[in-house]
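S.K.: The primary structure of each chain is shown beneath.
There are 2 protein chains.
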Amino acid sequence: DIVRELETCCATSQLLQGVRVLITAGPTREAIDPVRFLTNRSSGKMGYAVASAAVNMGAKVMLVSGHVALDCPTGVSRVITESAADMLNATHEAAKQADVFIATAAVADYTPINVADRKIKKNAATLNLEMQRTTDILATIKQTYPHLFTVGFAAETHDLMTYARSKLERKNLDMIAANSVADGKAFDQPTNALEVVWKDGHTSLPEMDKHALATALMQLVAAQYLQRKQPTHDHD
Amino acid sequence: DIVRELETCCATSQLLQGVRVLITAGPTREAIDPVRFLTNRSSGKMGYAVASAAVNMGAKVMLVSGHVALDCPTGVSRVITESAADMLNATHEAAKQADVFIATAAVADYTPINVADRKIKKNAATLNLEMQRTTDILATIKQTYPHLFTVGFAAETHDLMTYARSKLERKNLDMIAANSVADGKAFDQPTNALEVVWKDGHTSLPEMDKHALATALMQLVAAQYLQRKQPTHDHD
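Residue numbers (the numbering used here), protein chains in the order written: chain A, 90 to 325; chain B, 90 to 325.
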């Protein structure tokens, strides 16, 4: 049965043998001019740890990453992207070959409407930067590839669980991993904690090293992914 | 005479023995909310290379740096700063103990007027980010400590020399090192080229490794600094 199969697979750590896992990680950069850009405090550490954990479980891993100070994990195929639009394009392309999609990247929600092709001079005392919404990578990919087992991340300063459950439903995701970023928590730190939420369950993963946390998360992902792929038949 | 003294010093590479050199380097980060910030493409490589070159010439070097992916050079005393305001404070404090000030940092010219204490939600289709001018670190430090031999950097996409000469005069600097950042040139690259301008002269340093370039620049700085400190007396 599925339980015994899971136990056997877990024991050999090859639960995701042959499964193609696509992961986005790190921040995006939205150019204001040739020199300046908008970004965020994501170090990419959590996403890279998830990529390593997936490789260790036998998955074929593709990583679409923003600029980070991290080396590509062994066995992972990586592409570096700049803006939210670049990351969407690269993810779109890679998603064609994926079974599981884990969106850990901290993607810009807004991007400048006008990008100056010369460095903006500081003549004025004030500057108004007009921005518009970027395309939502997570929602777009799930809409385009509904078969993809899709895991979102949510970094919130407040109302963690409420926001996580709402995001799961709104974007039709299979799982959400939510973490608190209040007081700079999680960003560029070696440890993190996650609230993991799916349609009919949730688990709290307490604060631990990001690599241990990534392994625990990938075991939850694998369990839910395999359960969906091979549903139990009570009456068989 | 001064020429022989320079030659002797150059030969022993200890031209700046006992001289206290303060260097700013890297980008600043202007917070929009607890997660997002505005920054720029400076890697800090040029400033860190200048710090190493100054140490190698016998200087006592203090480095006020933004967040970069570089280790502190051997023999250098470093403080890491976040925003333009933080960098100004740290530089102000360090300048009290300095003889030479070299401002290589890429400091934000504008900073958001209102910093949100919660992560901004992406409810609206557009977002207007209102920003105001930051305090000019280079000009402020030179005004406060007029005795400081002060070297500015200028990264420009266009009209390099015109802008460099104008900045030298406007900010009452002793020297300007200008480089082109057109087409992403200079940023995060191992090589660079500089136009070095002072009151009564200028030199072009052609494209070379940033460490070689930093040494060539520091030799120009040392020559001008020592000449001013010990002016030649033609009639002696």
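Errors might be hidden in some of the hints.
Stated by the list, open to error - Quick partial rundown of chain A residues pointing at chain B, CB under 7 Å, derived from the structure: (1) Val-144; (2) Ser-166; (3) Arg-167; (4) Asp-188; (5) Ala-214; (6) Arg-222.
Unchecked claim - Below, simulated SDA-like cross-link-like pairs (lysine to any residue); rule was C-alpha separation at most 20 Å, straight line: (7) Lys-210/B with Gln-221/A; (8) Lys-211/B with Asp-248/A; (9) Lys-210/A with Leu-249/B; (10) Lys-210/A with Lys-288/B; (11) Lys-210/B with Ala-213/A; (12) Lys-210/A with Asp-248/B; (13) Lys-260/A with Ala-214/B; (14) Lys-208/A with Ala-214/B; (15) Lys-211/A with Lys-185/B; (16) Lys-211/B with Lys-208/A; (17) Lys-211/A with Thr-223/B; (18) Lys-211/A with Lys-211/B; (19) Lys-185/B with Lys-211/B; (20) Lys-288/A with Thr-246/A; (21) Lys-211/A with Ile-202/B; (22) Lys-208/A with Glu-284/B; (23) Lys-210/B with His-247/A; (24) Lys-256/B with Ala-213/A; (25) Lys-318/A with Met-297/A; (26) Lys-208/A with Lys-185/B; (27) Lys-210/B with Lys-211/A; (28) Lys-211/B with Tyr-252/A; (29) Lys-211/A with Glu-258/B; (30) Lys-208/A with Lys-256/B.
To be verified - To list a few chain B residues with every Cβ distance to chain A over 10 Å, as calculated: (31) Ile-121; (32) Ala-158; (33) Ala-183; (34) Gln-278; (35) Asp-289.
Read the hints as simulated data drawn from the structure, not as lab findings.
A virtual CB, placed ideally from N, CA and C, is assigned to each residue, including glycine.
S.K.: Take the hints in turn and mark each one as holding or not.
M.R.: Outcome of the hint check:
A hinted interface residue such as Val-144/A counts as satisfied when its beta carbon comes closer than 7 Å to some beta carbon of chain B; here the least separation is about 24 Å, so the hint is violated. Residue-level restraint check for Ser-166/A is violated (minimum Cβ-Cβ distance to chain B is 23 Å; threshold 7 Å). The beta carbon of Arg-167/A comes no nearer than 17 Å to any beta carbon in chain B, farther than 7 Å, and the hint placing it at the interface is violated. At a threshold of 7 Å, the smallest CB-CB gap from Asp-188/A to chain B is about 29 Å, leaving the interface hint violated.
At its closest, the beta carbon of Ala-214/A sits 5 Å from a beta carbon of chain B; the interface hint therefore holds under the 7 Å criterion. With 7 Å as the threshold, the beta carbon of Arg-222/A comes within range of chain B, its nearest partner Cβ sitting at about 5 Å, so the hint holds. In summary, the hint linking Lys-210/B to Gln-221/A is supported, as the alpha carbons are separated by about 13 Å, within the 20 Å threshold. Simply put, Lys-211/B and Asp-248/A have alpha-carbon atoms about 15 Å apart, close enough for the 20 Å limit, and the pair holds.
Proposed proximity of Lys-210/A and Leu-249/B is supported: the alpha carbons are some 13 Å apart, at most 20 Å. Only pairs whose Cα atoms come within 20 Å are accepted, and Lys-210/A paired with Lys-288/B is rejected, the gap being roughly 24 Å. Restraint check for Lys-210/B and Ala-213/A: not satisfied, since their Cα atoms lie roughly 29 Å apart, outside the 20 Å limit. Taking the CA atoms of Lys-210/A and Asp-248/B, the gap is about 12 Å. The hint holds against a cut of 20 Å.
Of the supplied pair hints, the one linking Lys-260/A and Ala-214/B holds, its CA atoms being roughly 18 Å apart against a limit of 20 Å. Proximity of Lys-208/A to Ala-214/B is assessed by CA-CA distance (about 26 Å); at most 20 Å being required, the pair is judged violated. Straight-line distance between C-alpha atoms of Lys-211/A and Lys-185/B comes to about 28 Å, which puts the hinted pair past the 20 Å bound. Taken as a hint, the Lys-211/B and Lys-208/A pair is broken in the structure, with Cα atoms around 28 Å apart against an allowance of 20 Å.
With a C-alpha separation of about 10 Å, the suggested pair Lys-211/A and Thr-223/B falls inside the 20 Å cut-off, and the hint holds. Among the hinted pairs, Lys-211/A with Lys-211/B is inconsistent with the structure: their alpha-carbon atoms are about 29 Å apart, more than 20 Å. For the hint pairing Lys-185/B with Lys-211/B, the CA-to-CA distance comes to about 45 Å; that exceeds 20 Å, so the pair is violated. With a CA separation close to 23 Å, the supplied pair Lys-288/A and Thr-246/A exceeds the 20 Å bound.
For the hint pairing Lys-211/A with Ile-202/B, the CA-to-CA distance comes to about 16 Å; that is within 20 Å, so the pair holds. For the hint pairing Lys-208/A with Glu-284/B, the CA-to-CA distance comes to about 19 Å; that is within 20 Å, so the pair holds. At most 20 Å may separate the alpha-carbon atoms for a hinted pair to count; Lys-210/B and His-247/A meet this at roughly 11 Å. Distance restraint check for Lys-256/B and Ala-213/A: the Cα-Cα separation of roughly 17 Å lies within the 20 Å cut-off, and the hinted pair is therefore satisfied.
Of the pairs offered as hints, the one joining Lys-318/A and Met-297/A is violated, with about 30 Å between alpha carbons and a cut-off of 20 Å exceeded. Taking the CA atoms of Lys-208/A and Lys-185/B, the gap is about 33 Å. The hint is violated against a cut of 20 Å. Only pairs whose Cα atoms come within 20 Å are accepted, and Lys-210/B paired with Lys-211/A is rejected, the gap being roughly 29 Å. Annotation: proposed proximity of Lys-211/B to Tyr-252/A holds, straight-line Cα distance about 13 Å (limit 20 Å).
Annotation: proposed proximity of Lys-211/A to Glu-258/B holds, straight-line Cα distance about 17 Å (limit 20 Å). Between Lys-208/A and Lys-256/B, the direct Cα distance comes to roughly 16 Å. Compliance with the 20 Å bound is thereby established for this hinted pair. At roughly 8 Å from the closest C-beta of chain A, the C-beta of Ile-121/B falls inside 10 Å, breaking its exclusion from the interface. A cut-off of 10 Å between C-beta atoms contradicts the statement that Ala-158/B is not in contact with chain A; the least separation is 4 Å.
The claim that Ala-183/B is not at the interface with chain A holds, since no C-beta of that chain comes within 10 Å of its own (minimum 24 Å). With a least CB separation of 14 Å from chain A, Gln-278/B remains clear of the 10 Å interface cut-off, as annotated. The beta carbon of Asp-289/B is kept farther than 10 Å from every beta carbon of chain A, the shortest such distance being approximately 27 Å.
The structure is inconsistent with the numbered hints 1, 2, 3, 4, 10, 11, 14, 15, 16, 18, 19, 20, 25, 26, 27, 31, 32, although it conforms to all the rest.
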